[in-house]
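Chain B: place on chain A using the hints.
Number of protein chains: 2
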Amino acid sequence: MNNKTIKFPRKSAPEKSARMVETIVGCKWSLTVYNLLHNDIRRPGEMVRNVEGLTTKVLNTCLKRNIEFGILERKTYNEIPPRVEYRVTKFGHKFIQILDELEKLQAEIDCEKA
Amino acid sequence: MNNKTIKFPRKSAPEKSARMVETIVGCKWSLTVYNLLHNDIRRPGEMVRNVEGLTTKVLNTCLKRNIEFGILERKTYNEIPPRVEYRVTKFGHKFIQILDELEKLQAEIDCEKA
Numbered sequence: 075m076n077n078k079t080i081k082f083p084r085k086s087a088p089e090k091s092a093r094m095v096e097t098i099v100g101c102k103w104s105l106t107v108y109n110l111l112h113n114d115i116r117r118p119g120e121m122v123r124n125v126e127g128l129t130t131k132v133l134n135t136c137l138k139r140n141i142e143f144g145i146l147e148r149k150t151y152n153e154i155p156p157r158v159e160y161r162v163t164k165f166g167h168k169f170i171q172i173l174d175e176l177e178k179l180q181a182e183i184d185c186e187k188a
Numbered sequence: 075m076n077n078k079t080i081k082f083p084r085k086s087a088p089e090k091s092a093r094m095v096e097t098i099v100g101c102k103w104s105l106t107v108y109n110l111l112h113n114d115i116r117r118p119g120e121m122v123r124n125v126e127g128l129t130t131k132v133l134n135t136c137l138k139r140n141i142e143f144g145i146l147e148r149k150t151y152n153e154i155p156p157r158v159e160y161r162v163t164k165f166g167h168k169f170i171q172i173l174d175e176l177e178k179l180q181a182e183i184d185c186e187k188a
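Just so you know, the protein sequences line up as chains A and B, in that order. Taking our numbering, the leading residue of the first sequence gets 75, the next gets one more, and so forth. Taking our numbering, the leading residue of the second sequence gets 75, the next gets one more, and so forth.
Just chain A, with the same shape it has in the complex (with noise of 0.2 Å):
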């Protein structure tokens, strides 16, 4: 038997968050919300009046998509009338960084295929 012969197990891949990747990267506007939060737009109408061709109805289901991968809170403020706004999670931060990395990427393909 040959000594220098190490058996590597086979490694699994991160399945779950590249799924999340999957879903955010087919998902039309998770990435515009993003936009919209890091520029300080966190009402959900506010959003609305801010990007052509997103509606309500749209939006609520991409916002409530990134708050089941806990990419997004909500928060309530009890005003009158009620204030609800959007923040980025921790964690959400550290996935939105990774997508940040991919479109460094995916500007280096373009850019050879050009």
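There's no promise every hint is true.
Copies of the same chain look alike in the list, so a pair counts if it works inside one copy or between any two.
Taking lysine-lysine pairs in the DSBU-like style, the calculated list, with each CA pair at most 35 Å apart, reads [as the list claims (entries may be wrong)]:
hint	residue 1	residue 2
1	LYS149	LYS164
2	LYS85	LYS138
3	LYS149	LYS138
4	LYS81	LYS149
5	LYS85	LYS149
6	LYS102	LYS138
7	LYS81	LYS131
8	LYS138	LYS164
9	LYS131	LYS85
10	LYS81	LYS102
If you are wondering where the hints come from, they were derived from the structure by calculation, not from laboratory data.
Leaving out everything else, chain B in the frame of chain A:
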């Protein structure tokens, strides 16, 4: 008209690089191959010997896909017998780093659910 309203365009997603994540994470052996290369195991024969359950046929499909994406490169050395080795490209290193980040995120998801 409200002067404060800025129109944000829809932000397009890094679809190609996200598709790479999807494909590579879906591929049963890519992460194992990166691990082998990281441990300086670069020749297909060595790879098969060092991993339980990995066949030459499956390994070749995996290597080919990674070359197509530009993650790995194949180097042939003019020796007798000819030597073939695989290496991670500069682009590939960036991609693998993103996968590492996804793994950390995955660990956080798993932790929360435990």
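Evaluation of the provided hints:
1. LYS149 <-> LYS164: within (15 Å within a copy, 42 Å between copies)
2. LYS85 <-> LYS138: Both, since 32 Å and 19 Å are each at most 35 Å.
3. LYS149 <-> LYS138: within (13 Å within a copy, 48 Å between copies)
4. LYS81 <-> LYS149: between (50 Å within a copy, 24 Å between copies)
5. LYS85 <-> LYS149: Between. Shortest inter-copy distance 24 Å satisfies the 35 Å Cα cut-off; intra-copy 39 Å does not.
6. LYS102 <-> LYS138: both (14 Å within a copy, 31 Å between copies)
7. LYS81 <-> LYS131: So LYS81 and LYS131 pass the 35 Å test across copies only (19 Å; inside, 53 Å).
8. LYS138 <-> LYS164: The answer is within: 17 Å in one copy meets 35 Å, while 38 Å across copies does not.
9. LYS131 <-> LYS85: between (41 Å within a copy, 18 Å between copies)
10. LYS81 <-> LYS102: between (44 Å within a copy, 17 Å between copies)
The structure shown violates none of the earlier numbered hints.
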